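These two chains come separately, so use the hints to put the complex back together.
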Amino acid sequence: GAGVSQTPSNKVTEKGKYVELRCDPISGHTALYWYRQSLGQGPEFLIYFQGTGAADDSGLPNDRFFAVRPEGSVSTLKIQRTERGDSAVYLCASEAGGTGELFFGEGSRLTVL
Amino acid sequence: RKEVEQDPGPFNVPEGATVAFNCTYSNSASQSFFWYRQDCRKEPKLLMSVYSSGNEDGRFTAQLNRASQYISLLIRDSKLSDSATYLCVVDNYGQNFVFGPGTRLSVLP
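In order, the protein sequence lines correspond to chains A and B.
If you're matching positions, the first sequence starts at 178 in the working numbering and goes up one per residue.
If you're matching positions, the second sequence starts at 23 in the working numbering and goes up one per residue.
Just so you know, these hints were derived from the structure itself, not from any lab.
Bear in mind the structure is a predicted one, so any value in this text is a computation, not a measurement.
With a straight-line cut-off of 25 Å between C-alpha atoms, the simulated DSS-like cross-links for lysine-lysine are:
#1 B/K64 to A/K188
#2 A/K188 to B/K67
#3 B/K64 to B/K101
#4 B/K64 to A/K255
Okay, chain B solo, but in the shape it has when bound (with noise of 0.2 Å):
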């Protein structure tokens, strides 16, 4: 099983859907989670640390469930710049990040 597993995708939605992508993780002793963004041919970039609690950041919701060992990441209203591929992280042993094989999504016009 890999360290950190993701929805295959690609997604493709029309501007407006609400859209929500999975991520899975093997390492239990994890405490770090974050979502990062890719655009094409660039570097990633942090979205958004997840907390225990769940968190939002506008249009972003967080989700953490540490006994199922899941994160999620919910997009509403969904826009054109939205486009990317979206990279589930999770330390490992709070030496390194885990980095997931990424769940690319196209927002339609």
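Excised from the complex, chain A in its bound form (with noise of 0.2 Å):
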């Protein structure tokens, strides 16, 4: 497709279950970068990919998280032993050749009980 893609869509888990996010770039984007926003606030910035090696992943809270992106184009967040607390939207987005345009994908929304 065009525009970045997101999947799944929704995901209600239950606590201290493993979770895995996939988000596919638009094509021929180095960049991608996965956020996690709650309701009533911005992005916060999670980790950040060029190509297949991560640039930063200082925005990853704890060691509960960690992210892929081993071909440098599809990219995959897992977070082990979810909480409650983990509950939010995760946007992944991509970049062309650092204009600083971010195109977003439309998230997953991850819910846990």
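Shown next, in the form of structure tokens:
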């Protein structure tokens, strides 16, 4: 497709479970970002990839969160031992060539019961 | 102090009004500045970049004051379709982008 695609769009899980969220960026975009957004707040930075490597993972809140981008395209955000506080919309964005324009997917809404 | 702060809002204005949003940032090394728009339950989308000399796009004008670390967005002749949350965005040492909490605008008929 032409835009950033995220799956699943909605995920409900129980506390303690493992979750994977997938992002398929715009073809040719080398930079990929993960953010999470809680109701009434702005997106909070989690991690940034340039190609296959994580250029900045300073936003990951703790070691339960991990993200990969093995072939420099699709990325997966992995959350272990989910907690209720992890409930949020997880947004993925890709960027073309340092323009500063982020193209966001529609997000994955995670609810931890 | 938060890295990017914005007017808390919400702003409720009548159609045709002029409204201004303010944003301050803490990282004096930041080089890139943007305004994004986010409709309810949708993803953010770029509204406009903010340049040092100030820039205008139709009814929208953005200003940057580096000395005061302050960014503004002015919307003239507000339309119902301008109702959204406006997010101020600043780069962080060229690595990632920091979003402000957003200011919600409701334009009323």
